[in-house]
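Protein chains: 2
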Amino acid sequence: MPILSYLTTTHFDHGAIKMLAPELKRLGVSRPLLVTDKGVRGAGLLDRVLATLPEGMAPPVFDGTPGNPTERATLEALALYRAEGCDGVVCLGGGSSMDLGKSVALLAVSGEPLARFDPLKGGAKHIRGVAPVICLPTTSGTGSEVSVGVVIVLDDGRKLTIANPMLIPKVAICDPELTLGLPPLMTAATGMDAITHCIEAFLAPSVNPPADGVALDGLYRGWRHIERAVAHGEDRDARWQMMMASTEGALAFIKGLGAVHSMSHAVGRREDLRAHHGTLNALILPTVLRFNAAACADKYVRLRQAMGLDAGADLADAVAARNAAIGLPSGLAALGVTREMIPELVPYALADLAHFGTPVKPTAEQYAQLYEQAL
Amino acid sequence: MPILSYLTTTHFDHGAIKMLAPELKRLGVSRPLLVTDKGVRGAGLLDRVLATLPEGMAPPVFDGTPGNPTERATLEALALYRAEGCDGVVCLGGGSSMDLGKSVALLAVSGEPLARFDPLKGGAKHIRGVAPVICLPTTSGTGSEVSVGVVIVLDDGRKLTIANPMLIPKVAICDPELTLGLPPLMTAATGMDAITHCIEAFLAPSVNPPADGVALDGLYRGWRHIERAVAHGEDRDARWQMMMASTEGALAFIKGLGAVHSMSHAVGRREDLRAHHGTLNALILPTVLRFNAAACADKYVRLRQAMGLDAGADLADAVAARNAAIGLPSGLAALGVTREMIPELVPYALADLAHFGTPVKPTAEQYAQLYEQAL
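Protein chains in written order, with the working numbering: chain A, 202 to 576; chain B, 202 to 576.
Treat the hints with caution; some may be incorrect.
Identical copies go unnamed one by one, so any copy, or any two together, can satisfy a pair.
[Said to hold, decoys possible] List time: in silico EDC-like cross-link candidates among lysine to aspartate or glutamate, alpha-carbon distance up to 20 Å:
id: 1; residue 1: Lys-322; residue 2: Asp-357
id: 2; residue 1: Lys-226; residue 2: Glu-285
id: 3; residue 1: Lys-500; residue 2: Asp-438
id: 4; residue 1: Lys-326; residue 2: Glu-313
id: 5; residue 1: Lys-371; residue 2: Asp-511
id: 6; residue 1: Lys-500; residue 2: Asp-511
id: 7; residue 1: Lys-239; residue 2: Glu-428
id: 8; residue 1: Lys-371; residue 2: Asp-288
id: 9; residue 1: Lys-562; residue 2: Asp-473
These are calculated hints, taken from the structure and not from any lab test.
Take these sequences, add in the hints, and give me the full structure.
Have a look at this one:
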């Protein structure tokens, strides 16, 4: 089975869930808290994973992860972690379960509250350590199984991104079989999340050529296989490729992300809209690609190559067409975002960590225009 | 300064040598053995690096690294390491100094002899540990500053590759300023070594898409900048790009290498020829590209894109033309390799670790033909 040995030891293949038990042993974790959500449980994936564990290891399970991980739910899970004397966290699910589980591991060792660790406020120095984390993604996806950060909606309503190398999970178990049953719309949304990660990471101006290379390879795979994964979810190779694109996108975004994410996070924190992060990224991506086009002309050449597009092709149009082809809506308005909401979204976008990675930093006025265009 | 955080913490920029002292401190190394060669000393680079160290730290220096690192020289350096009570190794030089220093670090902790660690003979289990290693490359290059292996000519004449994750240096300090004075022919030869690493790693059939991505980015940079680096060695950007291509090639070859390297190693072990590893790779690469063309047609599409070649371009011809443009000879005969030597070279190629990574494994007859074609 391919093992990708970077900062996370990643077991990557169909059937990889069998590596969970040996890895728990290798990390010295005997009582993990298993963090998941009710959808994963309902899909039978929890039972499949629990069946791989040694007789007698009956890990406590927190299945209350909401659609977007909240501080409140994190603290609930942390209470269970402490009550059960846990010594590590296993996350089984999408980005929400993984980010929630990673946050529990952070709080368990470094203490509360989460806001203390805000990297934009010097929070890195407060991170003493993180309990061992093993992630099993069930979407393709956020790539949180190898990523440097977590995104949590705090009790005060802010969507906080905590990025720190200590949050990189020790082990990722990437088993595309866990995604065979992922419905088409979720496949489309999470797939575009992976593609957006690859694109935004590549465009981020920080210097990290290996990450650039990983981003382009992830984009190459994701772009070529997302339609098939949506239309033929049972296609094992398509699922493998999408999961790899997802993992690569997250490996790459050590460089930072950009305006698509800052804008998505600002919308995503609103509980009234319950908008999916991947869908938001997909819908906003064309607008931001147009915004960055002049400044990133050289990099767009390599993006087109990775995507197999012609030399002069319009990237934004290509993404918009792909969104339509895979059944995603064509604008934020379809998700319930209104013109009236825009002034309230803009300050959250400006304050988001991803804003600081974007190649061209939008002003408040420009963010407002971008939201208009993305409606 | 860009810091690439993968398994090696890599400080990468002009002036990075200033990071040596803080990194020695961070690793807890107070008495490093400095391993280098007389050419590096003569170029004034040793003094430049020693000047960055704290007052009072006068590290013992082994400058007897030969053109290709030998077991004999390694043991000499090891004796000095032990006599001086060293607790780590700093390598300053090309692949030879780095591989020799990494080998000293291996023997210092895991014991002798080197042959015991042959991965093709179950040697990995004997590796108990490796002393801390910091590498400062002065060529671009072998990429040994981040690589998983060492290549040493044993006393019995065999060129042994020991590949093991524990040999990955903890820290790499990649300062392109150290290469500004590298002469044109050495720039050409080491630059083609880097390019060969990127190509062979990409073609290796093992599954590691992130490594594929890194290989293609390294190839993109190396191919575009090698002519300028050769013709205008004072060009700081060209030197930066070539060093990055070199580092990326070695990050990528965790996947394995191929027939170019197995054939090069077989020639390189011969002390009568004193052939440079990079030059050998450059000269053999066109022949092996032709050999693999049918089996690797899909991958060749991506290689052409990375190299900026037209869709139908002949990769082997492009490499041969580039070799000529940068002043390298056109065949192994120019290095003194004769038809009569071939039968003796073939078994060494077949036994080389790189043989096992090649996409199409040449038989003995095929290796003989490949050597003929490469003359």
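For each hint, the structure was consulted:
Within a single copy, Lys-322 and Asp-357 get their C-alpha atoms as close as 16 Å, which meets the 20 Å cut-off; across copies the closest is 60 Å, which misses it. For the homomeric pair Lys-226 and Glu-285, the shortest alpha-carbon distance inside one copy (18 Å) is at most 20 Å, but the shortest distance between copies (40 Å) is not. Taking identical chains as interchangeable, the C-alpha atoms of Lys-500 and Asp-438 lie at most 20 Å apart only when they sit on different chains, with a minimum of 18 Å there against 29 Å within one chain. Only within a single protomer do Lys-326 and Glu-313 lie at most 20 Å apart by alpha-carbon distance; the minimum there is 14 Å, versus 42 Å between protomers.
Taking identical chains as interchangeable, the C-alpha atoms of Lys-371 and Asp-511 are never at most 20 Å apart, the minima being 40 Å within one chain and 42 Å between chains. With identical chains, the CA atoms of Lys-500 and Asp-511 are at most 20 Å apart both within one copy (14 Å) and between copies (19 Å). Proximity of Lys-239 and Glu-428 under a CA criterion of 20 Å is satisfied in neither setting, with 27 Å inside one chain copy and 58 Å between copies. Taking the closest pair of Cα atoms, Lys-371 and Asp-288 come within 20 Å of each other only inside a single copy of the chain (14 Å); across copies the shortest separation is 28 Å, beyond that limit.
In the homo-oligomer, the alpha carbons of Lys-562 and Asp-473 never lie at most 20 Å apart, since the shortest distance is 28 Å inside one protomer and 60 Å across protomers.
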